[in-house]
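Take these sequences, add in the hints, and give me the full structure.
So the sequence lines, in the order shown, correspond to chains A and B.
Under my numbering, the first residue of the first sequence is numbered 2, with each subsequent residue one higher.
Under my numbering, the first residue of the second sequence is numbered 40, with each subsequent residue one higher.
Certain hints may be false.
Stated by the list, open to error - No farther apart than 25 Å at their CA atoms in a straight line, the calculated lysine to aspartate or glutamate pairs in the DMTMM-like style are these:
#1 Lys164(A) <-> Glu110(B)
#2 Lys158(A) <-> Glu125(B)
#3 Lys158(A) <-> Asp187(B)
#4 Lys163(A) <-> Glu188(B)
#5 Lys81(B) <-> Glu162(A)
#6 Lys160(A) <-> Glu446(B)
#7 Lys121(B) <-> Asp30(A)
#8 Lys56(B) <-> Glu142(A)
#9 Lys32(A) <-> Glu84(B)
#10 Lys117(B) <-> Asp30(A)
#11 Lys160(A) <-> Asp187(B)
#12 Lys158(A) <-> Glu188(B)
#13 Lys158(A) <-> Glu84(B)
What the hints assert, rightly or not - Cβ-Cβ distance ranges computed for the label pairs, FRET-style:
#14 Glu89(B) <-> Val36(A): 30 to 40 Å
#15 Lys240(B) <-> Lys32(A): 46 to 56 Å
#16 Lys32(A) <-> Pro311(B): 28 to 38 Å
#17 Asn276(B) <-> Ser138(A): 44 to 54 Å
#18 Met51(A) <-> Gly447(B): 44 to 54 Å
#19 Glu294(B) <-> Lys132(A): 32 to 42 Å
#20 Pro31(A) <-> Val412(B): 26 to 36 Å
Just so you know, these hints were derived from the structure itself, not from any lab.
Fair warning: this is a prediction, and the values are worked out from it, not measured in the lab.
Backbone N, C-alpha and C define an ideal beta-carbon position, used for all residues, glycine too.
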Amino acid sequence: MKKGKVWKYGDNVNTDVIFPGKYTYSILDPKEMAVHALEDLDPEFSQKAMPGDIIVAGKNFGCGSSREQAATCLRYAGIQAVIAKSFARIFFRNAINQGLPVIQSEEIVESVEKGEEIAIDFSKGQIKTQKGILSFSPLPESVSGILEAGGLIPYTKAKLEKKRARAK
Amino acid sequence: MGKTFSEKLLGLKAGQKVSAGDVVTVSPDYILSHDNSAAIIKEFEKLGVEKVFSPGKLVIILDHVVPASSEKYAQNHKTIRKFVAEQKITNFFDIHHGICHQVLMENGFATPRKLILGADSHTVSYGALGAFSAGIGRSEVAVLWATDEIWLRVPETLKVQIEGKLPRGVYAKDIILKIIGEEGADCANYKAVEFSGDAAKNMSIASRIVLCNMAAEMGAKNAYFAQDDATISWLKNRAKDEFELICSDEGAKYEMVLHYDISSLEPQVAFPHTVDNVKPVSQAKGIKFHQAVIGTCTNGRLEDLVVAAQILKGKKVHPKLRVLVIPASRAEYLLALKEGVLETLVEAGCVVLNPGCGPCLGAHQGVIAPGEVALSTANRNFQGRMGSRDSFIYLASPATVAASAIEGQITDPREYL
Ligand code: SF4
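Structure follows, in structure tokens:
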């Protein structure tokens, strides 16, 4: 279980404020993407966020564009997980495909506070907050495999390698 | 029991009967990507696969930053052109064609029963022609290029029943802004949206595209209109393949049905910084702005440019304004050119840009400075979307934008029609 500080935001945090469109085709290096994470929402974030920190937000997190960098930049900023009341569809897929854990829970969002230190136990589906332990439902196995592999690309790569080995 | 359009279409692709909530593994008919193909190529190369599984399925259209505005963008385009040549990708559209969604539809890839996935959220647009189309991320596109397989969840359907006749000066854009304003930016998250009712039936294909395009702003996975004679005649001479219609069955199960009567609808305006922050134009009147944009994949078709020209004919753009006009594609550009529409707009003082995304995503061609305000026909007004994070974007119909361009402040277009 790793501890992390909570960065808390409201509803409808969109992909343009997570990773501005002006960078989408000019920045291809994920570490450079991380420098601009949440730039248009909270300029403090990229300067002060530490590896292991956790983003907690309202409903429809990641709405807007399909740009995957919105998930990539958060992962490379070291974000341990995003917890939101709900996620926009494409962001949800992108996050998993980038190996960024997402947790959907109204209860957790309501009870944790900005700046609070919390710890997540993914295998048990539990979060330790200052007010006590809260549970969440773990992701289905089909997607947790992708997360464990570190994202869809490494996951598929391994799958294809196995297939080729079998064919030989 | 009857099935919805999405259940039927994904069932066809999966080769089994499916219902909302099921997860299916499918192969799309076409896979769209644009300037982001450069980044997708990088991911594709990591997979250790040499050849694209099905090169004929790839549709690559350069539109986001065209012509390249910097060396980085130029390099991206170069990388893409090289890949296209090496992989023998025939469905490649270089910078002179226009916005990916418009170009894909005009070239007949989107027909009823097609499953099209694209690395762009507004891929939802093609439901206007009876395709199941949804946006996905870059990694997924790279994997599709390599394996031709993806999992999709069959969505529940939200039906929007639109009745009544559009009043003068009110357009498809106003209808969809009204719906998003009422229902909220996540009302259709993970769901399919079906537009139906008399008003939907009477809409031109261009107007249907406006609604499906902006279903992305409701969070929708895909959007859909029942196909009819209008669809068939639009697809005539365009469709790449023969097609059969596909519509929701009688008695299909909807998660929810919304009803809208548009007979007394007013023009609508979305205020900064969310698309669901919508008010009638009467409450936006007098708001000053610096730049107007008429174009994008939402409202850059001939139908839109004609309305703008009708209003701006013989008038002048307000001297303190910049007005950018961006046809959605070369085909629409040519039509507008031949009909004298562009002449009217240029005479009024508009700047006509080459077909493409223009400043819509804040990368080039008219980005806005801190403190500036834009009024645009685009689909998104998120903070910083068109340039500075300290700028403001209002969204409206081409008519509202054109009338406002004359006055230099948001204006009810009905005063000019
Ligand atoms: S015009 Fe705007 S919304 Fe449409 S594809 Fe281009 S950037 Fe996206």
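Exercise. Just pull the numbers of the violated hints for me, sorted ascending.
Key: 1 and 6
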